[in-house]
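Colleague: Taken in order, these protein sequences are the chains called A and B. Numbered per the working numbering, the first sequence spans residues 154 to 423. Numbered per the working numbering, the second sequence spans residues 154 to 423.
Certain hints may be false.
Just so you know, same-sequence chains aren't split out, so a pair can sit in one copy or run between any two.
What the hints assert, rightly or not - Lysine to aspartate or glutamate pairs mimicking EDC-like chemistry, simulated, CA-CA at most 16 Å apart:
#	residue 1	residue 2
1	K386	D282
2	K383	D177
3	K233	E302
4	K297	D282
5	K355	D366
Please keep in mind that the hints were generated in silico from the structure rather than gathered at the bench.
2 protein chains.
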Amino acid sequence: MQPLSGYGVSKVLDSTHPNYKKDDLVWGLTSWEEYSLIQSPQHLIKILDTNVPLSYYTGILGMPGLTAYGGLYELCSPKKGEYVYVSAASGAVGQLVGQFAKLVGCYVVGSAGSKEKVNLLKNKFGFDDAFNYKKEPDLDAALKRCFPEGIDIYFENVGGKMLDAVLLNMRIHGRIAVCGMISQYNLEKPEGVHNLMQVVGKRIRMEGFLAGDFYHQYPKFLELVMPAIKEGKLVYVEDIAEGLEKAPSALVGIFTGQNVGKQLVVVAPE
Amino acid sequence: MQPLSGYGVSKVLDSTHPNYKKDDLVWGLTSWEEYSLIQSPQHLIKILDTNVPLSYYTGILGMPGLTAYGGLYELCSPKKGEYVYVSAASGAVGQLVGQFAKLVGCYVVGSAGSKEKVNLLKNKFGFDDAFNYKKEPDLDAALKRCFPEGIDIYFENVGGKMLDAVLLNMRIHGRIAVCGMISQYNLEKPEGVHNLMQVVGKRIRMEGFLAGDFYHQYPKFLELVMPAIKEGKLVYVEDIAEGLEKAPSALVGIFTGQNVGKQLVVVAPE
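So here's chain A without its partners, still in its complex pose (with noise of 0.2 Å):
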């Protein structure tokens, strides 16, 4: 049997490739397991710099930095004073996507599932606003009552009934950044969506995409990034499960709303 997939942080341990030798550390598309064999190094970034803990490589600068960096600023090319929306906001993508939009000076609103994680995003991660949808009964009326300008950017998580309600919301040329619908995952049937007629009439550009399709910019991506994070101006929280034993748990929680901040499993300390 495969192992599962996931994107971890590994030291080589011996390779024949010319790119990589033993002690080199690499972060990318590995297994869920203690030693995995990697035949195909196309989805592995080296490690050039340790001087920032090496689980960030999991996060804020792995593959979530790449997705909130690729989808926010590569697909919705945000600009100062515009009204960013962001779903699933305390999750691993969703913390990196505000505090971008927050850098280029746009006033932020993130959803959460718990006053918590809500707390959060207001106090520790510097959004605008910040509410807790299932305390709404009316996403409609929670958006219009953070957003009375309207929206020009929505970073998608959810999917379902929420991206209806957002559709009310968006402004003339909104763009929406499609990363995922964590709603619909594990439905038998998906939600329908109604609203898709305000595409038209606004101009709304709405697009999917994978942290994958940035691989070629991570150098860009970390002449940003990198910065932000030795000066604090970002912030960055984690989930740390201990123990590959914890592993199938740690993903449970995620669907569930138990996690704050990137889920993460140590396999081995170092």
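Since the structure of chain A is already known, use the hints to place chain B on it.
Modeller: Same frame as chain A, but now just chain B:
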């Protein structure tokens, strides 16, 4: 009461605007009436070339032409050999989208709601293939039959179930220009679209637009289309109703599938 507005061809009878004088011909947003007072000429374009039927400026050289051009060329950048699907393909815009895509060397399939329209698409407008969506119990299967390799570009006129089936058949980095969703306009609640998750993995870009967004590109558009018309490379079909009193039934006919080609109402022959 305000008269209904619509796109038409008109002759200037009198003008105090510096750009317009008596006997100038214009096309653009006027009204359902014999004589109109136009106070906002930013929605008018002057007709310079009268070596084609004037009615063309309500269609292939007017709003539908600019709509087909903008949605297909500006939003979707079709390349030779790409697979293009057009719904409501025998309509004013659809017939042009298909032909414009053929000019670039795409493989083009259209759908329409009658055998007569399907024949027109294949035999008159030069579509590579066409089908009657009303005779297809399974739209997904129909699209798989017509596009075994999948769809690169979808010119969306219909919405609802058709969009859902198209999403399943889009290729990676596919583009959807959303021109309209005629199947949804008269529903109390629009149908749900269930397959939007396809947008992520396939990195689909979906974008709404209005012809008015491309007014500034009208000269560029004319340069492309006028020679193709004069060389007989473009075919254009009109459905002409005589007299303003026929306008209401002609409008209803669009929604019930009666018209073939651009529905036109002649208010005055010259």
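Colleague: It remains to establish, for every hint, whether it holds in the given structure.
Modeller: Status of each hint after checking the structure:
In this assembly of identical chains, the alpha carbons of K386 and D282 never lie at most 16 Å apart, being 18 Å within a copy and 56 Å across copies at closest. For a Cα distance limit of 16 Å, the shortest separation of K383 from D177 qualifies neither inside one copy, at 23 Å, nor across copies, at 66 Å. In this assembly of identical chains, the alpha carbons of K233 and E302 lie at most 16 Å apart only when taken from the same copy (15 Å versus 42 Å across copies). With identical chains, the CA atoms of K297 and D282 are at most 16 Å apart within one copy only, with a shortest distance of 13 Å there and 46 Å across copies.
Proximity of K355 and D366 under a CA criterion of 16 Å is satisfied inter-copy only: 11 Å between copies versus 27 Å inside one chain copy.
Consistency note: the structure conflicts with the earlier hints numbered 1, 2.
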